[in-house]
Amino acid sequence: MKLALKKVCFGTGGAALALALPAIAAAQDAIDSGDTAWMLTSTALVLFMTIPGLSLFYAGMVRAKNALSVMMQCFAITCVVTVLWVVYLYSLAFGNDVNGFVGDLGKMFFNGVGTDAVQGSIPETVFSMFQLTFAIITPALIIGAFAERMKFSALLWFMGLWVTFVYAPICHWVWGGGWLGNMGVLDFAGGTVVHINAGIAGLVAALVMGKRAGYPGTPMKPSNLVLTVVGAGMLWVGWFGFNAGSELAADGTAGMAMAVTQIATATAALAWMFSEWISHGKPSALGIASGAVAGLVAITPASGFVGPVGALVIGVAAGVACYLAAVKVKRALGYDDSLDAFGVHGIGGIVGALLTGVFVSARFGGAGLADGVTIGAQLGKQFVGVLATIVYCGVVSFVILKIIDVVIGLRAKEEAEEMGLDLALHDEQGYNLQ
Amino acid sequence: MKLITAVIKPSRLDAVRLALGEAGVQGMTVSEVSGFGRQKGHTEVYRGAEYEVAFVPKMKIEVAVADDAVDLATEAIVEAARTGSVGDGKVFVSELQNVTRIRTGETGDAAL
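Residue numbers (the working numbering), protein chains in the order written: chain A, 48 to 481; chain B, 1182 to 1293.
Just so you know, the hints here were simulated from the structure itself, not pulled from any lab data.
None of these values were measured; they are calculated from a predicted model.
There may be inaccurate statements among the hints.
As the list claims (entries may be wrong) - Label pairs and their calculated CB-CB ranges:
#, chain 1, residue 1, chain 2, residue 2, range
1, A, Ala91, B, Glu1243, 15 to 25 Å
2, B, Asp1195, A, Tyr478, 20 to 30 Å
3, B, Val1226, A, Asn146, 45 to 55 Å
4, B, Glu1256, A, Asn479, 37 to 47 Å
5, B, Glu1231, A, Asp418, 45 to 55 Å
Virtual Cβ for every residue (Gly too), placed ideally from N, Cα, C.
Can you build the whole structure from these sequences, using the hints too?
What follows is the structure, given as structure tokens:
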């Protein structure tokens, strides 16, 4: 993301890239129409990743009786976060910096964000909407961890509080002019802000809420893997907006971001597929699709900083690591991270964030380390970024969950879980197939 | 009157339908069922979650026939449904107390 002090890039533009604070330029002619056109498109692509990309990816993996509840949750999150964004969330994330921790409330209700407001080379409205789509998908990713058992009202409360107290600060730390960005942590499109964040929150939620009734003895087969693979494809396509769009411009860096995204994703998909083939004896569609998502996750923080060779390595690492996490470690440890929010997004995000510190080096075809910074030093910064995210997100998510649990309860009633959330919580059935 | 219930492999359904038609059996009721006799089920794996599925998809055919048509009908089903491999299924014959055609009210053999 260009907003944090970014001293390294592939970009061809001569414009200054070090933007510590969002600048509101008055002149309309500061806008580059090519950049703007691309960012308008990227915004749509990233929204598409949530509705319906992620929705389908997840809905296909749950049992038929819960399929609609997953789609309802993703859709509702999209709407709730949008409203909160315009009211105060955008300001908390990208407003004027307060002690490196969070933004101020100067942009509440989009104050100052009019038709003529500019952010870099694009309208600030476009920048804000682009960022909103990230704020939408991050909480949506979490639902994978507690699928099939959370009360809808509790979900709305959790998501509203979580984006306020966890997402906005961490986003600000990395991209909004906060302490992690200022420290030189490299996170191009959200390895920490989106994936580690969602993964950790998911793990905490899965542990706090407990396992689904009957897990792991009762068969809980995915109801519609065709939809899951469709969703994975939508995520892959949309992710070009996620990664290449994070350059906030239509330039060489965006092009390389797209290229490394494609490379890492395909590599990770094959890595998971072959891991499964070797370990289990047959490759699976769910496996190759999951591997692709793992690759997308891992390349996210690295996308504007690494080159094709880095992408290959990150892809292999993510495919194997996430396969082990989701398939082996989770079963061994016994927790019910239902759709592997932590196994894929948490682990993938950590792998990607750390490897970014290595493969940004020009030695590996990357954009190049900042002046005077060694690989070791950059790795250290990456480690701090990862750790800060894990600790802050873990603790605050836990507190929010506990409070909601005490006040209204997190889990759906036993009968509701048995009947299926579609019927029990929404008086509907996703599938009325005779 | 007898009720013939046959559990067969789904792929043999059309052959059985045609064979019964040639044997003079007018209609049938078909349902999708699962089951097993000596046939082994299969395994499904989803991200490491392994499920042994004992039940195999089958088709159940029910036909009501007059007593003198039972042997012919049974033979037709058996010949058409047989593939030679495990899981071909079974034919059950049970006593049928009465049959009524709903549209006309006819009962007994006239309703078959």
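Could you check the structure against the hints above and give me the numbers of any it violates, in ascending order?
-> Per hint list: single violation, 1.
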